[in-house]
Each structure stands twice: as structure tokens, then as C-alpha cells.
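J.: One letter stands for each residue in the lines below.
2 protein chains.
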Amino acid sequence: SLALSSEKRASDFNSFVARTNTCGELRSAHVGQEVTLCGWIQYQRQGLFLVLRDFQGLTQIIIPQDEAHSHVKKVLYDAPLESVVRVTGTVISRPPGQKNPRMPTGDIEVNVKTAEVLNSCKKLPFEIKDFIKKSEALRMQYRYLDLRSFQMQHNLRLRSQMVMKMREYLCNLHGFVDVETPTLFKRTPGGAKEFVVPSREPGRFYCLPQSPQQFKQLLMVGGLDRYFQVARCYRDEGSKPDRQPEFTQIDIEMSFVDQAGIRRLIEGLLQYSWPNESSPITTPFPSMSYAEALAEYGTDKPDTRFGMKITDVSDVFRRTEIGFVQNAVNKPQGSVKAICIPQGVRHLQNKDFESLKESAKSQFNQEVLHLILKPDESLKSPFSKFLSEEQQSELIQALKVQADDVVLLAAGEHEKVCLVLGNMRLECANFLESRGLVLRDPTAFHFLWVVDFPLFLPKEENPAKLESAHHPFTAPHPSDTGLLYSEPAKVRSQHYDLVLNGSEIGGGSIRIHNAEQQRFVLETVLKEDPELLSHLLEALKCGAPPHGGIALGLDRLICLVAGAPSIRDVIAFPKSFKGHDLMSNAPDYITTEELEPYHIQVAWPAAEAEANKN
Amino acid sequence: SLALSSEKRASDFNSFVARTNTCGELRSAHVGQEVTLCGWIQYQRQGLFLVLRDFQGLTQIIIPQDEAHSHVKKVLYDAPLESVVRVTGTVISRPPGQKNPRMPTGDIEVNVKTAEVLNSCKKLPFEIKDFIKKSEALRMQYRYLDLRSFQMQHNLRLRSQMVMKMREYLCNLHGFVDVETPTLFKRTPGGAKEFVVPSREPGRFYCLPQSPQQFKQLLMVGGLDRYFQVARCYRDEGSKPDRQPEFTQIDIEMSFVDQAGIRRLIEGLLQYSWPNESSPITTPFPSMSYAEALAEYGTDKPDTRFGMKITDVSDVFRRTEIGFVQNAVNKPQGSVKAICIPQGVRHLQNKDFESLKESAKSQFNQEVLHLILKPDESLKSPFSKFLSEEQQSELIQALKVQADDVVLLAAGEHEKVCLVLGNMRLECANFLESRGLVLRDPTAFHFLWVVDFPLFLPKEENPAKLESAHHPFTAPHPSDTGLLYSEPAKVRSQHYDLVLNGSEIGGGSIRIHNAEQQRFVLETVLKEDPELLSHLLEALKCGAPPHGGIALGLDRLICLVAGAPSIRDVIAFPKSFKGHDLMSNAPDYITTEELEPYHIQVAWPAAEAEANKN
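Just so you know, the protein sequences line up as chains A and B, in that order. Heads up, the first sequence stops at 614 in this note's numbering, and the numbers go up one at a time, no gaps. Heads up, the second sequence stops at 614 in this note's numbering, and the numbers go up one at a time, no gaps.
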């Protein structure tokens, strides 16, 4: 059913309107009642009956055949499919043998007495029931038709109800205050992904913030104690698949809290709001350090629904004389690692291995070798002859290889090898699932906290300089505070990520509440101009409580819960991957006059300027 | 108390954090318990005790004087006011005679054993308790300090709780779906007040919409049936007092509904969400046609908390020979109207009348006369000698004038005279209240529906042309549909406004659901290019249900419920009337390089360009 069961009983869908019932609710118990239904004509057969649809379901309508009701018959016979009609009639039992057990209203039908076409539908370019099969661009252009599908109705209602439960948990059960923060704000230092909004003052721009980060910290300084907001956020990343220029996060901040407190809060929040229809989730969620996640899964967002974890086999190879391995293990951070694909021989073909190696080469410039344990328990590999029997046996033991398993092996710098094998692990899972195996149960929900991230990372363009791994307000790990002033690159942070089935669905941290420490991080470690954040630094001096928080990516979370293929399926009016609204054609050209009040003009790229001139 | 009583029992404010209690909750029943409190030092006296504050209240802390706790004493003695501390100690009864009945925690105090300064506060520019008296600009600059005030805490919590109740009513009780709609959208026709957002495609702009109007109608076409959203909206009006460039509305749309249905929905919504602490409200709300509101109150948003209604006295004057009156009543729509100020002679002075007349002259270019009924029941007026005794008596009867009442009278075109006297009515109320009378009970809540507005109005710049009185999607009144094609200027609409104590807090309408009618309105009546709304016109052809909705201005509503002087007092981080964020200094200048990805450049006004050059 479309409505979550717990809500369904309480909600009155027929209040304030003329209908007596929805098209999904009539049952045998209603037989004999006179009802008024409003809905869309889904199907009509030879003027004998039609099927009326609304958001809650379908009801079969019997078209009267007697002369006295010839007008009703004509009205319903003539109305095109998808026309909107109101009918009034009596609920009757379907004749024996004609009940439809697959239809919730399949025991009854409605004998119509009066009917009115409220709006006639022109011929649609396609039938609604086929709509889901059409191209996504077409679905986007006619989004209002796409929304009539069972799946979109389900997804949007699921989202609404899950968010409502979250609000009940935060606001009613735990005293959080829902505070709206501005979206027209000041540019943040390094805010390259912020949309700009010109004001009427020449040269002055607002920015659309990527999150309410500064505001929520200021609310803590303001003594709000517990804040949450279902916050609209903006990120201009140009074209990216499965990203939206505007998105929504469940944004939370608390005073006087530590990491454990935030974790318990979120575990409780998700458990409370979890749909009854989904597999239940258990708390507390397991946790794992970033170092562990990298070493075992080659990613900071491990999908723990399946194994094939990365194993370090450096010790096995350290005493061999295989050139490329020696090269790798003798470097700092050098290592040899592998993953084992159970029964890989049976499911994967040579071209799959070629494809995997090709992918490692093109994405990471990394060689990957594959080894097979033959049914006679002997290893087939490009370097078997360089391994003693003892070493082969050690390798088999370390990786727990069994007959017909395949091992993918890579040698090189620790982090890189982990990333490559983490990638191989997911690609193998795709291959295996395309062959019919189920590695990642789509109905299972594996939550995982990833913690102890580094506070800073070397800058990509200049590794001698540091940048924040997450953002500059993240507090250092209490055990590492001393290192902040001596070896900042070694400091772990109090950042935590929440991962669900291999997707990051949230992240947060305990924040810096000491003004001096915040200034040191900005000025000395990150070499940023602290003046841009002077209001925040000033606020930290005025009695800022210790505080921390988290933000959950709502679109991604609902997408995973609904089992939807894309976040676009849980957003009513999503943008295309180029950031376009295909229905209204936004963004669109506007006139020079319309830009005048904002004191801006378009700087046409040379080619277009030239074309416009001619 | 800060928390609404019904919520207070259910909410656990101490979950997930180290404190055992808030600073507002300890009572005699807690005596003997060991507690941990976190809060701000509000007050400290001679190292003997201090008062600790958090969002929920104040608790008195006894500083230990014995040698064993000298460290605790020093910590608390040295900490500046507004420092954040955590204390642990035992709840004890205050000694007899020292209980403070004005303080909710006044029966107890806490004997402290351990204390820790979590963050020390530098000297503030002013004490928090004096903050509310400071200039608004200073309060805005240090908004995070202003938020610590009782009033701001109260207002933001009231807002959060009232919105939560609204959500329960809509979502849980009546099956509404909370749908988020985009804020990066296409410019609407005539959308002069829409902020523009440049995209990375040269010349193409998103706009920040003034409301989700198009989206909510498209959701109805999509069969969502009942939609609501607490929607962020944007309106660029430049500098305007008590307006914000971004604001929030409770946005609602329903299918298969009529005006009466929407009214009942909203009456139920407000009754359900109304704070227990406020005077209760009764439903249904009275309603009044726009014509009536104009004639009796001279405004479309009457404050019905007090009388002094406008009375038409044209009939009394029609047979007199007073020149200016004759001029007025002989014109089309000409009339003579008056308001009566009870006991005006006692409360208003000559300079007040001068000021009122001056205001009518400067704002409306309209003469206003004032008449007095003397204790001997004779009229004192500039034109008494032109009125027969019978006419004088008719006037007194029509206006129900009593001795010492003052009558303000104006003659001219109906609408203008109504507007002038409506204005006079409010200015008189201000005068009378400044003299200590209570006309508008601030604790009373008078709701009023105003209905039957005209669908179109003559354009100000060209009265021969029509524009929408509200917006082009408003449906004509069913009785006037025929007139749409013959005399559109005479058509009343299905628009309705909700007025509270003289402020418009909401408005909505039944929408046009017929594509042909919508196209006729856009193209033929309004002379607008229907292509800009082709997606909506197309949608109306695809089986759009009849639908209607409403939007409530949340900021204004909460402001009235909280009795706050300005909407800025119910918004956490408001902009100044110039649209500035005084805390962060937004909007701000950004570099040419930062504008490059958006293909725009600043068009400096000539003077500034010149100044920049030199």
C-alpha cells in the first residue's frame, strides 16, 4: 500500500473535500454504502465498466446500461483515458468468480448513478502505465505525468512520512528546536562551489551556502542547545551524475555533546523513523576507523554487506625475489595486498579479468595480477615459479583461498593499493551479480560509523601544504591535540561519517569551540585569511559551549530506503545531470534589462560574442 | 516557561549529553539528588554563589568555602560572566526565608562539589540582560548574543513548536504529503522581484521563486492530491521595512476542494497548532467580501478588534448645498463618508486633528473635515450653518454620534474616500492608544476571511489594461465565469485572504484547471506571452484535477502570536531593512575571478567606475 501502515489508520484523506472515499479504500464492509469518488480514468471497456485511479489505488466502476442513466453512460464512454471524473454510486459485491484477489478493492465495484467529467484529458503521448519505461528525459519533461506512477507516489510519500517521524523524534521526544537559517549568505573562504546571487548594490553578491554550518554553530553560541533543520543546501559542481545543484540535509547540532552522544542520537533517530515495511535495523551501528576501512575495504565508505576484504600479504612476499614485488615492499608504505573472489573461476571469464586489470590500469595506473587456486589445490599465477611451496601455502592460508577461488593481487604504496583493490572488490561484485549471484542483499541495511579520520590532508596541487579533510571547524581528536601545534598532518579529527550499504549518508564532527585553536587552524595550518570568518571567531570568544553535530543526506538516504535507482526518483522535480529543469527549460536566457537592477552583464565567451555579432 | 507545556512533559532535554538536568527544571522534589548542570554564568556574588543559566532557566549554585574545595572556589570565582561551566553537586533546599517564589527553581540551590570551565568568556561589550535595550544594529551584529535573551529563545521555540503542530495536523491527521520543490527555477513572466542566479552556461540564469505556485499546481496534476511544504521563498523588493528578502510560508494545495474546504482546513490547522498559552481562538472565522471590507474599514485587511467603522452619509448630504460635497456626490462613484471617534473630544487635541488632516492631504490628496457633537447635542462643524436641523439630526443618527464624539468626514470617489477614512481610523487608534486607551487588545486574536476580490485590476501605469489582482492562475468566481469573456474587469475571483488583527497572514485561491480558460486569461486578458508558461498549459491539458490552495506567511503569523514588535524577532538570523546580514557583512564584494565561471561581470555605475579608475 502507498501509505505507511501506522499513518494510514490515523489520517483522514477525505476531509474537506467532496469525495467520501479514496479509490483505494473500499472493501466488502462498504457494500451498500453510497459513495462519491474522484479520480482519473485508468481503463475503460466497451462502455461496460471503467477503472478509476487516485493516489491510493484503483476501483472498478460499473457503467449503468439502463435508459434512465443514458447520460451517465455517454459521459463515461466519451471521456478519454486520464480524464478526471467524479462519480457517485453504490458499493456492491462483485459477482461470484469475478473477485480480483490481486486488487485491494477487488471484492467490490461501484454501481454508478451520477458522473461528471471534471476535466477532460487530451490524448497523451504515451500511456501512464508505460511511462516508467520511457527515457528519463521524457519523464522529466512530463514530470507531472511521471508523478502519477505508483513508484513516484510511493517514493514521495515514503519521504514525507520518514521525515515526519524524524521531526517527531527530534522535536517532540528530545527537545530539539527547528530553526530556519538563511540561504542568502556571505561567501565562505574557499567556497568555490557556491552559487552567487547578485544584490541591487553594485558588485555585492550573496552566496547560496553549501550547508548551514556557520549558522548552526552560532546557534549553539546563542544557547539554543539543540538545533535541527531539514535544510535546503546548494552546491554548484557543474554537471555530475546523481548530484543535484540543490539538495536537502537533516542538519543537527547539539551543545555539551561528545561523539558517542551524537552516534546514539542518530541511531535512535533512524530506528524511530525507519519504515515498518523495510527490514528492521539494529543498533548500535558498528564502527570502524578510517585506517581500518581503508586497509580492509579500500574506501572510506565500506559496503559491509559482503566479504572479499583486502588482506595484506606483504609478509608472504617479503622473502621472494619477484622484481615488482620487491620494488613495492622496499618503498616506504610499500605493501602487497589481495582480495579473494570465492568461486571466481566458475563465475568470471578471462575477459572479465582483462576488464578489471584494464580498469586498475586506467583509473589508478596500477598493475593487478590474478591467481587461481586449481581444484588440485595448486596455485596458477604468473609468478608461481618464484614462490616456494611453503610460500604458496602461506598465501593460501592468509587469504583463505579455496579451490576455484580467484585472487586479485597488487603491490605498491599502501593507500594506492588499498584504493585499487577496494575498487576491484566492487567491480567484481558487479560482475558476480550480473551473473545472477546475490552479494549485496538489496533488502538488507548495513549501517557503519567510520571514525578517526585525519584532520588535514596534503593539498592535491601542493602536497607540502595542508587542507581540511572535511572543514576547518572540525575539532582535533582529544588524544592528538598536542600534535596540532607540532605535526598537524598526523592529527586525527573528531569527524565521523555514517555509511549505509557502501554509500556515505551522513557526516559530522565535534567542533572547535576555542577561539585561539580555531584561529591557529585557519591562520597557521590552513594559511587562510581569518578575517573572512571574524564573526565566528568573535562568537567563540563570547562563551561558546562545546558542541558538535551531523548532517544526513536526505535524498541519498531515502533513495536507499526506497530501493530507487537514482536520487532523482525521490525528488519531485529534479534537475538533469547538466543541472537543467527539462520541464520548464531552466536555467534560461534573460534580457539585459532584467539584469540591470543587479548591475551585472553577461561576459559572453569570445566565440559566442562573435557569433552574436554576425 | 520557555517550553510549551504540552511538549515539556514528553521531551527529554538531557538525552545524549553529560548533564543530568537543565538549569530550569530542579524543584524541591530533587533535593538530595546529585546533579550535573551545564550553563552560562549569569551572575556571581563575592565568591559565595553564582547563578547558572541555560535555555530553560536559572539555577543558584553555592560555591564551596571549605579548604578541600578551594580549587572549585577559585575556578568559579575567576571565571568571567557568560563563561560556560559544568558543575556537579547536590540539590539542597534553600534556607527558610531565602526561597525565591519568582524563580521556578527558587526553592532549591545546588551545593557544588566539582566545577569545570568549559569555555571562558572574554569581556562582552555589554551585559546580556541589557542586550534587548541596545540598538537593533548592535543586536544584529552580535546576533549570537541576542539569541541568549529570554525573548528570542521563547520566540524561536514557539515557532518551532507551532510549526511542528501544523505538520502533525496536515501530515498525520489529514494525509498531506510534505513535498520539497526546487528553489532554482525559471523566471516567471513579470517576475520583476525574483533574484537571479547565474549558471555556468553563458547567459543562462536560474531564478529564486517567490512561491512554489507552479510546482504545487503541477503536483496536483501529478495526482499528489494533498501537498504542503514549509517553503522558503524569495522576493527582491530592495529596501523595505519589516520585509525580508527570504521568508517562509506554509504552502498548501489540495485537489477536488472548494473555498469552503480550504477555509475549514485552515481554521482547523490554526486551532490545532495554537499555543496553549495564548487566548484560545474560535472557529469558524467570520468572513467578509472585499467590497464590504473596503466600504466599512477602508482596507482589504480590516482590524476587527475595534469599531469606528466607515459609514456612508451621502444621503444626508445629497440635498444640501455645500459646494465640495455637491461636487463629490454628483460624480460617478461619488460619496460622503465618515467615521465617529467615541469621546474623541476628551482624548484628542487640535494638533491631532491637524496631523490627521495633514496626513490625508499628503498621502491621498484628500480633504478631511472634523465635526464635534457638543454636550448640548449640537453639532460643531465648518458647515453646520448649511445643514438643516433635520439634516443634522439625520447625520447624528446615521453615525450614532454621542456627546463629545468626534466625526471625521470626507467626500469624493467611493474607493478613495474609503481608503482615506480607513487610514484615519488606524491613525486615530494609534492616537487614542498613545493616550492610554486600549482599542486593540494585544491578547485578542481576530481572524477574518476576506473574499470575492476582483479577478483583475486596471494597471497603474495604463488603466485601460488589466493585470491580475493576485496571480494569473486564480479561478474566476463561478457566478462570474460568463463575464470573463465579455467584461473581465467585473469578474470576481475565487481568491481569499486570511487576516489576523489587521495583518494579512495568508492568501490563496481556487485555481484555473481548464487549459483553454488559462490560455484566454494569459493571452487575451493579460496580453502575456503564454509560451513562458507552456509547461503549465500543457499540464492542464493532461487531466488536471480541480484544485486550490493557500499560503500562510509564517514569519508574520508567529510575530503576531508571540506579540513581537517585528518579524525580525521571530527569525534567527534576519537581514536588516537594507537586506544586509550585519553579522557577516553579506552581501559582500567578490573577485572578478570568482565571477568568471558564471560568465558575468559587474556593470559598475558610471560614478563608481570613474572613482575606481582614479
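Hints are computed from structural coordinates only; laboratory data are not their basis. This structure is a prediction, so every number in the text was calculated from the model and none was measured. Treat each hint with caution, since some may be false.
Unchecked claim - A partial selection of chain B residues facing chain A, derived with a Cβ cut-off under 8 Å:
#1 Val72
#2 Ser584
#3 Gln601
Claimed, not checked - Chain A is faced by these chain B residues, among others (derived, beta-carbon under 7 Å):
#4 Thr524
#5 Lys527
#6 Ile600
In this text, a Cβ means the ideal position worked out from N, Cα and C, and glycines have one as well.
J.: So, for every hint listed, does it hold in this structure?
T.: Hints, one by one, checked against the model:
Taking 8 Å as the C-beta contact cut-off toward chain A, the hint placing Val72 of chain B at the interface is violated, the least distance being around 19 Å. Because the beta carbon of Ser584 of chain B sits about 4 Å from the nearest beta carbon in chain A, less than 8 Å, this interface hint is met. At a threshold of 8 Å, the smallest CB-CB gap from Gln601 of chain B to chain A is about 5 Å, leaving the interface hint in force. Among the interface hints, the one on Thr524 of chain B is violated; its C-beta lies about 21 Å from the nearest C-beta in chain A, farther than the 7 Å criterion.
Below 7 Å, beta-carbon pairs count as interface contacts, and Lys527 of chain B has none with chain A, the closest being about 18 Å; its hint is therefore violated. Here the hint on Ile600 of chain B is kept, as its CB sits about 5 Å from the closest CB of chain A, short of 7 Å.
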